[in-house]
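*Asks:* Read off the chains here:
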Amino acid sequence: MHVNEHIAAIIGKKLEGQATTEELEQLQHWLGSGAGNVLEYDQLARIWAESPRVLNHTAFDTGAAWTKVDAAIGSRPRTAVVRSLLAYRRIAVAAAIILLAGAGWLLYNNTTRWQTMEALAANQSLRLPDGSEVELRKGSKIEYPAGFTGAERRIRLTGEAFFRVQHNERQPFRINTSRSQVEVLGTSFLVRSEATLDEVVVATGSVSVIDKAQSSNRVVLVAGQKAVLEQDRFSQDRVTDANYLAWKTGFLEFKATPLNKALDDLSHYYNISISLAKGHEAASKTTLTVRFENESFESVLEELKQVTGLGVKKENGKIFLYQK
Amino acid sequence: MHEQSSLYQLFQQAFYQHYQPLCQYAFTLVKEEEACEDIVQEIFLRVWEKKQDLVGTEALRYYLYTATRNNCLTWLDKSRKSPLTRLSGHETAEAPGPASREEAPVADFDALLAEALELLPPKCREVFVLSRVSKLTYQQIAETLEISIKTVENQMGKALRILRGFIRDKQAQAISTIGFIAFLLLLT
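These protein sequences, in sequence, are chains A and B.
Using our numbering, you'd call the opening residue of the first sequence number 1 and step up by one each time.
Using our numbering, you'd call the opening residue of the second sequence number 325 and step up by one each time.
Accuracy of the hints is not assured; some may be wrong.
[Stated by the list, open to error] With a straight-line Cα cutoff of 20 Å, these simulated SDA-like cross-link-like pairs (lysine to any residue) come out: (1) Lys68(A) with Lys482(B); (2) Lys212(A) with Thr249(A); (3) Lys482(B) with Gly159(A); (4) Lys474(B) with Thr20(A); (5) Lys14(A) with Lys474(B).
If you are wondering where the hints come from, they were derived from the structure by calculation, not from laboratory data.
One chain only, chain B, in its complex shape (with noise of 0.2 Å):
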């Protein structure tokens, strides 16, 4: 165990903490799981061959998140150019929705909040997924996306009332309809 070295537990380390968060974030942008596996698996790669002066310290997040921004844009760019390799992986390449919204009237706020995420504007969605999901700090999200803290803070509160409009305007319209079912029963 002694002769085992500290480098190697610490890119270890460092993977098992931001692997997932990071594919996490990659799929906000990607939305193809073996590709943004792929994406941070490379970039891990790169970080053992290349950057092992950063293994065990913090700017390695900072590296981390850029680089794997860059490279889902990048990857975006190509798939864009080639159409066919984007028919050929996913069908159906839409965003995660409630799979039957007409049917159940009263919707479900799992449901609701994940068609709101859906349709957040993509740099307020970003600014979202780096806190929530990645947990990075709101200095460590203006410094991987080269904005400033005050926009940071902004956008958050703007992810949050475009999330929190559109819940309540879908629960409205449910109770109206449940309400006009109910006048309906009433007149027959």
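Isolated chain A (complex conformation) (with noise of 0.2 Å):
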């Protein structure tokens, strides 16, 4: 009952996704060979799971550190002193709210040292303080606290990231947007929240989306599964694709999809409007099959027009295709 090192190792290999096919059979083969394995399986798994939260000491304050080697590599462009000047103005305008609020707010935003990470100029990753990695897209913003004491994790998010959770059942996983409230365990998952919507897309595990506008409005996802919400109403649907992640990975694929939804990944990966023009429906019942890696816009229309059979025209900064 007692797992061997070569055993231990091909585990230690399997949970960290490296294990070889062969190694995988002789694991099979293993688990197969006694009850008691499954069980140890189960047990190194675990550790193997909940070892990141447990080794994870007190957070590091990467803002306040960030602040200071900042100023310590000298001369910066101009625009980071702007920003950095336009943070102390905002400052000083909510330092004299507060006043007049009363001392006690005054003392808990000192307290709790928010930070803000914004994806400027790329995507960004970043490691939150209990262990949890989020990958924000470009343009868009997270706010979170140097450290998650309290019974929750609380962080907010405008725009687009791509979550892994960190495992930890005693302390919830909540992510605002101006519109909902997704809530996890310890997953992966993406939420993008834009002007008229919120979607969330679940790569691993489970996660509950809670419209903040009617609390009892509320779904629960599982791994393959995606909701929307827009104007109060959840839709739900099956992820059959990667392409939701296209913006994080570089490549879209295309396994005889409808060309609508089709347009859709080309629209939202290169945040351009490409759509079917009026009165050409029809050639929505086209599949397309096919894989773009890394490629320019351009490109991938011209490689459209060949493939679809379709024309295009630009109207207002929109595209277009049409039945010749």
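Starting from the two chains in their separate frames, assemble the complex, guided by the hints.
*Replies:* Take a look at the structure:
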């Protein structure tokens, strides 16, 4: 029942996603040869999953450290200085309001030390105080406290980000957008918050999404599902491909994908509206089987024209495809 | 916004991405928070001043971890030579363990795991931390510690076995303690 060295090493590799086919077979064989082995495997997997959280010592304040390093590296570009001056001005205004409102509020702000990370020029990864990983899409912003003390781990998101939340049953992870609250235990998923809708796509684990306007309005999603909250209504769907992460991976894959869906994915990735022209919706019956990897919009448009035989016209910065 | 140098942006991104895991790793060696932060901040400054060519490349990660490791070991050497500095800092520099093991017969899984992690042999612990906290790949760990990937795989397996063994033994003890207490209660 005690695991030997060889199997233990294979289990480590499997949990890491690095085991070879042969090793997986050996593992399967070992698991099948005794009920006690399955239990041992579960225990090791649990240890592997919980260790990051247990090992993560008190939070190191990345924001404060950055301020120090930033000051030390000397000649900063002008725009960075302007940004920090603006920050001081915001704080000065806030301070005036706070003083009028009462000293208690001012104290609260000073001790929670909320930090903001905004991905300005490119996608940005960061590590939260509990070891959770976030990848922010360019243009998005996340606010989080220096340390997750208390009954929950709460952050605020504006825009789009992919999360890998560290497992912790006793401290639920909650993401607030202007519209909804996404609640998780430990899992990986995407949250996208736009002007008119919120979308959540779950890669692994499970997540609950709550409409902040009406907390009884909520859904629970498991791996492979997604939900969109628009005008106070949830619509749920299965996720059939990984294109929702194209902004992170750089590639889009279509396998007999209906043209409308493909155009939606392309619009979302390139931030350019591409759709079928009015009256040409019959073309939506076409399916697309093609793969794009880190390609320019122009070359993708060319390929679309060739593969579908449709024509392209531009109007008001939007692209329309039509049957010639 | 267009005037902001992209080197600066990449540098800031790298800082936000790596600062915390590097500090967590340093803490497993140095065990004093301020010292860890100083060491890691120094390394980033050095990158900006002397190693800008690494910024934005994958090689940066290897540099950061190797430099952190070396600087931590140097720091440990220095602090060992002057025992006074060690005492004046933290009086209780021992491993964080469960506060009252004697009281709770059925010990908390988290507390047991924390205790077990502190008891891993040093090399084994380093590999385990680099994998589970810093999230380095086995390849990256092998390069940083200058060992083979096979050794990394074995050390990970060894860590899991040791951790599991410790927890199982403690839980067995707890159960037998309860059993014994129950037995005593039956007798009275």
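*Asks:* For every hint, state whether the structure bears it out.
*Replies:* Now for the hints, and whether the structure bears them out:
1. Taken as a hint, the Lys68(A) and Lys482(B) pair is broken in the structure, with Cα atoms around 40 Å apart against an allowance of 20 Å.
2. Between Lys212(A) and Thr249(A), the direct Cα distance comes to roughly 31 Å. Violation of the 20 Å bound is thereby established for this hinted pair.
3. At roughly 43 Å between alpha-carbon atoms, Lys482(B) and Gly159(A) are farther apart than 20 Å, so this suggested pair is violated.
4. For a cut-off of 20 Å, the pair hint linking Lys474(B) to Thr20(A) stands: about 13 Å separates their Cα positions.
5. A hinted pair counts as satisfied when its Cα atoms are at most 20 Å apart, and Lys14(A) with Lys474(B) qualifies at roughly 14 Å.
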